[in-house]
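Heads up: the protein sequence lines correspond to chains S and U, in order.
Residue 2 in the numbering used here is what sits at position 2 of the first sequence, and the numbering runs on without skipping anything.
Residue 351 in the numbering used here is what sits at position 351 of the second sequence, and the numbering runs on without skipping anything.
None of these hints come from the bench; they were simulated from the model.
Nothing here was measured: the structure is a model prediction, and the numbers come from that model.
Where is the CB? At the ideal position from N, CA and C, for every residue including glycine.
You may find that some hints are simply not true.
Derived contacts from chain U toward chain S, CB cut-off under 7 Å, selection only [as the list claims (entries may be wrong)]: (1) 50; (2) 117; (3) 134; (4) 138; (5) 145; (6) 149; (7) 151; (8) 153; (9) 248; (10) 252; (11) 253; (12) 254; (13) 257; (14) 261.
The list that follows gives simulated cross-link-like pairs (lysine-lysine, BS3-like), each with its CA atoms no further than 27 Å apart [unchecked claim]: (15) U:395 / S:53; (16) U:132 / S:86; (17) U:132 / S:53; (18) U:429 / U:395; (19) U:148 / S:53.
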Amino acid sequence: MGRYVARRLLQMIPVFLGTVTIIFFMTRMLPGDPAAAMWGDKAADPAQLAAFKHQMGLDVSKWQQYLNYMGDLFTGDFGTTMTGRKVTDLIGESFPVTIRLALLAFAFELIVGVAIGLFAGLRRGKAFDKSTLVLTLLLISIPVPVLGFIFQNVFAIQLGWITPTVQSSTNLGQLILPAIVLGSISLAYVARLTRTSIAENLKADYMRTAVAKGLPKRKVIGTHLLRNSMIPVVTFLGTDLGALMGGAIVTEGIFNVQGVGNALYHAIGRSEGATVSGFVVVLVLVYLFASLLVDLLYAVLDPRIRYA
Amino acid sequence: MRGASQAKWVVAAVAVALAATACGSGGSSGSSNGAANAQGTFSYQSTEPQNPLQPANAMEVGGGRIIKTLFKGLVDYDPSNGELRNQVADKIETTDAQNYTVTLKSGWTFHDGTPVTAKSFVDAWNWSANTKNNQINSDWFSDIQGYKDVHPEEGDPTAATMSGLKVVDDTHFTIALNGPVSYFEYKLGYTAFSPLPEVFFTDPAKYGQSPIGNGPYKFVSWEHNKAVTVAAYDKYAGVDKPKNGGIVFKNYSQAEGAYKDLVSDNLDVLDQVDPSDLASYKTDLGDRAVDQAQGAIQSISFSLYADDWKPENLAKVRQGLSMAIDRDTITKTVLNGSRQPANSWVAPGAMGYKDNTCGDACKYDPAKAKQLVTEGGGVPGNKITVLYNADGGHKEWVDAVCNSIRQATGVECVGDPKPDFKSSRDLIKNKKVDGLMRTGWVQDYPLNANYLRDVFGTGAAANDAGYSSPEFDKLAAEADKATSVKETADLYQKAEEQLAKDMPAIPLWYYKTTAGYSKNVQNVKYDSFGDPVFTQVEVKQK
């Protein structure tokens, strides 16, 4: 087990370097000059523009910029924005907000999704199962912005339970609604995956054995059925955690949450390579560790899986 | 000038009429004026400032508006009519429009208690103009003698100060310019010309995170990505003392969210209504909806440098095309009333604005339009294209304008979209357009010279049409030599008449401030830059 983890951690290094390299060159190829963009629609003063570029290290070749960037990265320096703020400061401000939002959404889709899927799978073909299929189909087909606007109008404007946008991104209570919107589509997938997996495993040999042994129903479902059925769900949830953190651009925009999605959106709009690659580097790390965690969970869930 | 004050009266009359109808209908919307709480604070829809809060470093609106409340320069613009008024300056004297003597009022202090002196201005300008200090608005000082020494076209500065600025004593300093610029005083109203306290120079970067100014509001806090808070400064010496206790500049990444917060009274003053709510905002907000002209104009220009458009006798054709555009209908339908039809090249609210300088050529008259186009010899190839950038929401109105031209004159007209602003701008800047192009102008300062000389003068940076008229240039040069701003503005009105004859660009419409405010505040007015007049906002007593 320990050797497996060590090997996986070592494998992360080339993956990490590769993605950072690709991201670096992709962001630097974004159209538009980030220094000139500071002047907006107006013509930039050439002398000042040159001074800016020199200060930002943009007046050397792309390869030299790449070497400088990688060198700085290993000393923990993610560079600065065009306006002189440290990218690490930006990351420090927005990641805690997004982590809160993503974890709330994650908890919502995990608890509600698995519960719905479990009941639907156990009562396959019954009314609850059928209505679950309709409901999840509906959730999958409604685009997130539409869902967000509906929630905003119903709960904030008409019922007045909450404010239309999040007034303080550090307030967990205010993040609940955006989290539900953010987690809703994944919720539908989790419910459907759980349902199918449960329904299939009901017919498995070990289930028959467990029932034949005379185990109480609670234990049959809880320990044997649910645990084994979780493998495809865990696979999905593992990658989804990364997607929730990086892909909340739309939800964060609607509810004015100042998290990673918003920061990325603005940075791309201003073609700020350093900010975009800094954020993506952190997201890559999140993905890598989430997938390692998923693989380790397999062994916990299914005793037949062993890592050496 | 005269036109501007008329416009003001029209706005006032409309406001009165609106207030009257609101009272008549029972006034249930809570719009009636109540007692104001002088200590009350209000929130405003803003965006995260892109740069440290230093006066010459704010070009985008997020930081620019905050700087405007924290600093006050020698002069500023009266928000109601765009006229210049003295603030820190007691008087600014000149005899030749090139050498100025500035006398300061005493009694002005920075928020840290230190006095505002002549040195505060001169040091601030020298620092801001210096290339090394990386201030975005550093080229605003280019009129001043010695600018080239602190801001050479290439390489490092050779001096730390501009030779044109001299401190005489605490309350006097002189400015020498490279040449006569009669409306230099007007430029001085821009925030880049604000004074800076001595503490600034010890650590400009740190200062940029918690600035100390001399304006109506003092800085309280800057929570990154969330809000900037300012509070009224009780020792403020200007004419526009705040009628409220302070402002919270709340960061919104999307206008839709801000609008919803405003409707539910979680936000007090709006910057701009988002496009998707334009159709309904007047019914949502009632008399709390704001709709007035802004200092910006949209037009389409001709590529006068291209062979097809060079012949001088084509002026009639250009006038005919202008007449073929149904501005009223397009602004009402396609643009949802978010623009106001233009009939001059200067937007209302700017000093020197004159109504209807375009005359009949900007009135929709399809029959006359067709006649003029035919008389002028017709359009080359009987087909025109209108170049625009596809990323700015221009497609709808360009198509509408083309339809209007096609139906009125029979000239084939199609839009020519380029993927983004930058690529369309490159073509226009390098004079590679053959036909018509979308052009626009946002005022730097509310004076007609800014709309005319900087856009239509021969060789001007924003002269996208490549227009070059000896008559226009002559009138503009005369206007620049005038010794008072008033005279300059009057002379520029004469130059504007030349544009009506040549029609190098067709004025389409002025931008409008479409905004609103919550039930918690009253007396919210907007200036020609589209900014609310922050100091006049009154917070209602709860």
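Against the structure, the hints come out as follows:
1. Using the Cβ-Cβ criterion of 7 Å, the hint placing residue 50 of chain U at the interface with chain S is satisfied: the shortest such distance is roughly 5 Å.
2. With a cut of 7 Å, the hint placing residue 117 of chain U at the interface with chain S is violated, because the nearest CB-to-CB distance is about 28 Å.
3. Because the closest C-beta pair between residue 134 of chain U and chain S is about 6 Å apart, less than 7 Å, the hint holds.
4. Of the supplied interface hints, the one on residue 138 of chain U holds, with its beta-carbon coming within about 5 Å of a beta-carbon of chain S, less than 7 Å.
5. Hint on residue 145 of chain U is violated. Least Cβ distance to chain S is approximately 17 Å, over the 7 Å limit.
6. The beta carbon of residue 149 of chain U comes no nearer than 12 Å to any beta carbon in chain S, farther than 7 Å, and the hint placing it at the interface is violated.
7. Evaluation of the residue 151 of chain U hint against chain S yields a held restraint, the C-beta minimum of about 6 Å falling below 7 Å.
8. Proximity of residue 153 of chain U to chain S holds as hinted, the smallest CB-CB distance being about 6 Å (cut-off 7 Å).
9. The closest approach between the C-beta of residue 248 of chain U and any C-beta of chain S is roughly 11 Å, which is over the 7 Å cut-off, so the hint fails.
10. For residue 252 of chain U, the suggested interface contact is upheld, since its CB lies about 6 Å from the closest CB of chain S, less than 7 Å.
11. The closest approach between the C-beta of residue 253 of chain U and any C-beta of chain S is roughly 5 Å, which is under the 7 Å cut-off, so the hint is satisfied.
12. Look at residue 254 of chain U: its Cβ gets to within about 5 Å of chain S, closer than 7 Å, so that hint holds up.
13. With 7 Å as the threshold, the beta carbon of residue 257 of chain U comes within range of chain S, its nearest partner Cβ sitting at about 4 Å, so the hint holds.
14. Among the interface hints, the one on residue 261 of chain U holds; its C-beta lies about 5 Å from the nearest C-beta in chain S, closer than the 7 Å criterion.
15. Taking the CA atoms of residue 395 of chain U and residue 53 of chain S, the gap is about 34 Å. The hint is violated against a cut of 27 Å.
16. About 20 Å separates the Cα atoms of residue 132 of chain U and residue 86 of chain S, which keeps this hinted pair within 27 Å; it holds.
17. Taken as a hint, the residue 132 of chain U and residue 53 of chain S pair is honoured in the structure, with Cα atoms around 12 Å apart against an allowance of 27 Å.
18. Of the pairs offered as hints, the one joining residue 429 of chain U and residue 395 of chain U holds, with about 21 Å between alpha carbons and a cut-off of 27 Å not exceeded.
19. For the hint linking residue 148 of chain U to residue 53 of chain S, the alpha-carbon distance of about 20 Å falls within 27 Å, and the restraint holds.
Hint check: violations occur at hints 2, 5, 6, 9 and 15; the rest are consistent with the structure.
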